[in-house]
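Heads up: the sequence lines are chains Z and Y, in that order.
The first sequence stops at residue 106 when you use this note's numbering, and every number in between is there.
The second sequence stops at residue 543 when you use this note's numbering, and every number in between is there.
Since the hints were made in silico from the structure, they are not lab data.
Just so we're clear, the structure is a prediction, and the values are computed from it rather than from any experiment.
Among the hints, a few may not be true.
[To be verified] With a straight-line Cα cutoff of 27 Å, these simulated BS3-like cross-link-like pairs (lysine-lysine) come out:
| # | chain 1 | residue 1 | chain 2 | residue 2 |
| --- | --- | --- | --- | --- |
| 1 | Y | 233 | Y | 174 |
| 2 | Z | 90 | Y | 486 |
| 3 | Z | 35 | Z | 25 |
| 4 | Y | 121 | Y | 521 |
| 5 | Z | 25 | Z | 4 |
| 6 | Z | 35 | Y | 373 |
| 7 | Z | 35 | Z | 90 |
| 8 | Z | 10 | Y | 534 |
| 9 | Y | 116 | Y | 486 |
| 10 | Y | 174 | Y | 521 |
| 11 | Z | 10 | Y | 521 |
| 12 | Z | 35 | Z | 87 |
| 13 | Z | 87 | Y | 534 |
| 14 | Y | 373 | Y | 312 |
| 15 | Y | 174 | Y | 121 |
| 16 | Y | 521 | Z | 90 |
| 17 | Y | 521 | Z | 4 |
| 18 | Z | 86 | Y | 312 |
| 19 | Y | 121 | Z | 5 |
| 20 | Z | 25 | Y | 116 |
| 21 | Y | 231 | Y | 312 |
| 22 | Y | 116 | Z | 35 |
| 23 | Y | 534 | Y | 121 |
| 24 | Z | 87 | Z | 5 |
| 25 | Y | 116 | Z | 86 |
| 26 | Y | 534 | Z | 25 |
| 27 | Z | 4 | Z | 35 |
| 28 | Y | 227 | Y | 207 |
| 29 | Z | 10 | Z | 86 |
| 30 | Z | 86 | Z | 35 |
| 31 | Y | 174 | Y | 116 |
| 32 | Z | 90 | Z | 4 |
| 33 | Y | 505 | Y | 521 |
[To be verified] So the derived label-pair ranges between C-beta atoms look like this:
| # | chain 1 | residue 1 | chain 2 | residue 2 | range |
| --- | --- | --- | --- | --- | --- |
| 34 | Z | 79 | Y | 348 | 28 to 36 Å |
| 35 | Y | 336 | Z | 104 | 23 to 31 Å |
| 36 | Z | 13 | Y | 494 | 19 to 27 Å |
| 37 | Y | 464 | Z | 79 | 52 to 60 Å |
| 38 | Y | 464 | Z | 4 | 51 to 59 Å |
| 39 | Z | 10 | Y | 150 | 33 to 41 Å |
| 40 | Y | 256 | Z | 2 | 54 to 62 Å |
Beta carbons: idealized from backbone N, C-alpha and C, even for Gly.
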Amino acid sequence: MSKKVFLCKSSDIRDGVPFQVCPKNYDDPFLLHKVGGELFLTDDLCTHGLVSLSDGELVGTTIHCPLHGGAFDVRNGNAVELPCKKALKTYPVEIVDGDVFGSIE
Amino acid sequence: MFTKADNEKLTRVGPGTPMGKAFRRFWMPFLMPEELANRDGAPVRVRLLGEDLIAFRDSEGKLGLLDRYCPHRQVDLYFGRNEQCGLRCVYHGWKFDTSGNIVDMPAEPANTPLKDELKIKSYPIVEWGGLIWAYMGEPEHMPEVPPEIEWGLVPDSHRHITKRLQETNYAQGVEGGIDSSHVGILHSLLDEDTEIPFRKRQISPNSAIPYLASDTAPRFFVRHTDYGMAIGARRNAEDDDYYWRITQFLSPFYTMIAPNKPGGPIMGHAWVPLDDENCWLFTMTWNATRPLEPDELDHGSVHTAVIPDGSYRPLVNRTNDYGRDREHQRLRSSTGIQGIGMQDTAIQESMGPIVDRSRENLGSGDSAIVGFRKSLLRMATDMESGIDPAPPKNPDWYRVRSVAIILEKGVDFLQGATDQLKAIQPEKHSA
Chain Z
2 MSKKVFLCKS SDIRDGVPFQ VCPKNYDDPF LLHKVGGELF LTDDLCTHGL
52 VSLSDGELVG TTIHCPLHGG AFDVRNGNAV ELPCKKALKT YPVEIVDGDV
102 FGSIE
Chain Y
113 MFTKADNEKL TRVGPGTPMG KAFRRFWMPF LMPEELANRD GAPVRVRLLG
163 EDLIAFRDSE GKLGLLDRYC PHRQVDLYFG RNEQCGLRCV YHGWKFDTSG
213 NIVDMPAEPA NTPLKDELKI KSYPIVEWGG LIWAYMGEPE HMPEVPPEIE
263 WGLVPDSHRH ITKRLQETNY AQGVEGGIDS SHVGILHSLL DEDTEIPFRK
313 RQISPNSAIP YLASDTAPRF FVRHTDYGMA IGARRNAEDD DYYWRITQFL
363 SPFYTMIAPN KPGGPIMGHA WVPLDDENCW LFTMTWNATR PLEPDELDHG
413 SVHTAVIPDG SYRPLVNRTN DYGRDREHQR LRSSTGIQGI GMQDTAIQES
463 MGPIVDRSRE NLGSGDSAIV GFRKSLLRMA TDMESGIDPA PPKNPDWYRV
513 RSVAIILEKG VDFLQGATDQ LKAIQPEKHS A
């Protein structure tokens, strides 16, 4: 059952730079990706090495993991480069009056 | 994934290399004050960023850092005479002042124009913050002061600094310093019962730090900052709180470790390259508000005893297997080596002088290491494009302090600890 959780202000996020958010009551952080002004929300941990993707390279809509060079599409979470195989979880995200809300479980 | 080309760019710091050019924008510590204590004392051989130099203190107390080799016929000035405001080569008597001017050429005619035409290479050298520093870059880019790291800002009585030689590239040292995930394994003492599994035998090396035992799997959060990186290790505390230990990497080769108790001394390190395969490992303990107590100097644990011959080689080193005792290893410690400092050095030297990072397979505990490499490679790549590193020009960015703090869940660690993360601030003078 997902709920809308406030994550941050839209102005906090820079285009092309992954932005990590740690909402209260969630042990694991989430990652926001702004691509050409559009926002995407995924889990923060790479499904392969279990390391934060926040220090990875965001190239267009592809986030590259800094540990072993695998990659995911931030729009749907699909693993697009080995050694990543298991999809990354994605979540609906919306901006209301400059505040970013994610629909997370 | 880290290619051989990346490894070269990260590790090579000699003249003309991108990282070497970037490092040359920084004031770098390299000598202990005791090495140049006396006016007209013996000159000290120096190797820094792959360049051979000579350091001396002249008759008026001024420090000089010159090319090691006489510009005449390339004789080693270590055999020179330090007297009457200069260092004199004993081959033909050419004499140099601390600014690199040639002030005497006894074997040449008195009016020789060569004396004014020629100079010996010289670098600015300054005593600051308990150490002696050099600047090896272009004069027009020289920062006014070294980075204002807190151990340099406190009185002598509030700090304790030691130096030793580590026979590895600087980057291996820094990576060890920011890697928290090894602390519970490499440095742990063990329960003597050899029948129980290794993972259950660990006794924390520091039982004073709370939550280390109750939460053995901290989560790491890496944030790039203007001075380098802040690394937050998050452990569960009571109920709605997290226990954070926040440590820093400060560009290009400094680290800080969170104190063991509130208000307690903080420790830090610097790994300063002699060349690509050797570095000076400085260890600092300091307290911002009061002198250190004798039992806070931490001898034999992180600080390490060195051979008292001016070489700063550790007493235990590769030639004697770092003093490793196999029986102590079997029963009482992970390594059988005494002291956290030498355990780190032993393990880092065992990787070879320049580890081949293209052969590694990193794990989830390595995010700080990945962040460090990203930060430094970006600095070297920027340098190649003509972009100077910003930290040297902003020494006040280094006024940060590592801290251990309890924060409510949901509070960003850099924001929640803003005040505690500030080091001594410059005094404000009203106009």
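> Is the hinted pair residue 86(Z) and residue 35(Z) satisfied, with a Cα-Cα distance of at most 27 Å?
Replying inline: The given pair, whose Cα atoms are some 23 Å apart, holds under the 27 Å limit.
> If you check the beta carbons of residue 10(Z) and residue 150(Y), does the distance land in 33 to 41 Å?
Replying inline: 60 Å, violated
>> With the threshold set at 27 Å, check whether the alpha-carbon distance from residue 35(Z) to residue 87(Z) stays at or below it.
In response: 23 Å, holds
> CA of residue 25(Z) to CA of residue 116(Y), is that 27 Å or under?
Replying inline: 41 Å, violated
>> Check the hint pairing residue 87(Z) with residue 5(Z) against an upper bound of 27 Å on the C-alpha distance.
In response: OK: residue 87(Z) and residue 5(Z) at ~25 Å, within 27 Å.
> Given the proposed pairing of residue 227(Y) with residue 207(Y), does the C-alpha separation stay at or below 27 Å?
Replying inline: 10 Å, holds
> Is residue 174(Y) close enough to residue 521(Y), meaning Cα to Cα at most 27 Å?
Replying inline: 54 Å, violated
> Does the alpha-carbon distance linking residue 10(Z) and residue 521(Y) stay inside the 27 Å limit?
Replying inline: Holds: residue 10(Z) and residue 521(Y) sit about 19 Å apart, inside 27 Å.
> Is the hinted pair residue 116(Y) and residue 486(Y) satisfied, with a Cα-Cα distance of at most 27 Å?
Replying inline: Given that 27 Å is the threshold and the Cα spacing comes to 15 Å, the pair holds.
> Within a Cα-Cα threshold of 27 Å, do residue 25(Z) and residue 4(Z) meet the stated pairing?
Replying inline: Within the cut-off at roughly 13 Å; holds.
>> The hint says 52 to 60 Å between residue 464(Y) and residue 79(Z); measuring C-beta to C-beta, is that right?
In response: Violated, at about 39 Å.
> Holds or violated: are the alpha carbons of residue 90(Z) and residue 4(Z) at most 27 Å from each other?
Replying inline: This hinted pair holds, its Cα atoms lying about 16 Å apart.
Violated hints for the displayed structure, listed by number in ascending order: 4, 6, 10, 13, 15, 18, 19, 20, 21, 22, 23, 29, 31, 33, 37, 39.
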